[in-house]
Amino acid sequence: METLVFFGLAVPILVLAVVVVTTPHILRAVVSLFLTLVGVAGLFFLMRAPILGVMQLMIYAGGVVVLFAFAVMLVRRVTGEFVRQQTGLAGPALVVGLLFFVVLMGIGSGYLAGLEDEAAAAGSVHPVSRDLAERLVLTDVPEEIDPVEDFSPVMIRDYVIPFEIASILLLVAMIGAVLIGHPLEQKHPGGEIEPEEPAEEGEEA
Numbered sequence: 001m002e003t004l005v006f007f008g009l010a011v012p013i014l015v016l017a018v019v020v021v022t023t024p025h026i027l028r029a030v031v032s033l034f035l036t037l038v039g040v041a042g043l044f045f046l047m048r049a050p051i052l053g054v055m056q057l058m059i060y061a062g063g064v065v066v067l068f069a070f071a072v073m074l075v076r077r078v079t080g081e082f083v084r085q086q087t088g089l090a091g092p093a094l095v096v097g098l099l100f101f102v103v104l105m106g107i108g109s110g111y112l113a114g115l116e117d118e119a120a121a122a123g124s125v126h127p128v129s130r131d132l133a134e135r136l137v138l139t140d141v142p143e144e145i146d147p148v149e150d151f152s153p154v155m156i157r158d159y160v161i162p163f164e165i166a167s168i169l170l171l172v173a174m175i176g177a178v179l180i181g182h183p184l185e186q187k188h189p190g191g192e193i194e195p196e197e198p199a200e201e202g203e204e205a
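Just so you know, we're using the numbering used here here: the sequence shown kicks off at 1 and counts up by one.
Hints are computed from structural coordinates only; laboratory data are not their basis.
A virtual CB, placed ideally from N, CA and C, is assigned to each residue, including glycine.
Be careful, since some hints might not be right.
[Claimed, not checked] Here are the computed distance ranges between Cβ atoms for each label pair: (1) 160 / 11: 20 to 30 Å; (2) 59 / 12: 16 to 26 Å; (3) 59 / 108: 19 to 29 Å; (4) 54 / 160: 31 to 41 Å; (5) 54 / 164: 31 to 41 Å; (6) 114 / 5: 24 to 34 Å; (7) 62 / 12: 12 to 22 Å; (8) 111 / 159: 19 to 29 Å; (9) 111 / 158: 15 to 25 Å; (10) 111 / 10: 18 to 28 Å; (11) 175 / 3: 19 to 29 Å; (12) 179 / 109: 38 to 48 Å.
Build out the structure end to end from the sequences listed, making use of the hints.
Have a look at this one:
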């Protein structure tokens, strides 16, 4: 059952991720990115890592993507044009993506090979690849493990600086969105500042 749920989440995630980088409509790309991140959160919940799933929903799906959507709408409001995603560099992007995939596969293969060597040296009965597959389908997972209790000290103690840098980045993005959506202002000779009103149709500039 868990395997079916895994593939039921993984296949839509891959399809939506392809849509994100191929569609020329930026708003459609934002929606696809939102659904992709929600699916990744579902994978975290499936692997019994609820704190990562909640963080995925709150920070990425509920924060970053919503901020992207607001930025797209505010840019359209200010410029009067709908933002379109440029896909003229699809060829170079595909090459870079394939190279990145090969690098990740090499790193992962080396990591698994190291685990297999450690398991063989320790006299493990089951190969690591089989143990990894069992963990992916949620078998032989101890019930007494508390992911929140185990993960929280690591986040607060070891990764507090990256966590704070990410929060500052989100704050800067939020301030930028507010400035983009703020009405344009102009100063009159009397010193008063009034919002600039758009010119009516047919009126000469």
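Numbers of the earlier hints that this structure fails to satisfy, in rising order: Violated: hints 1, 4, 5, 11.
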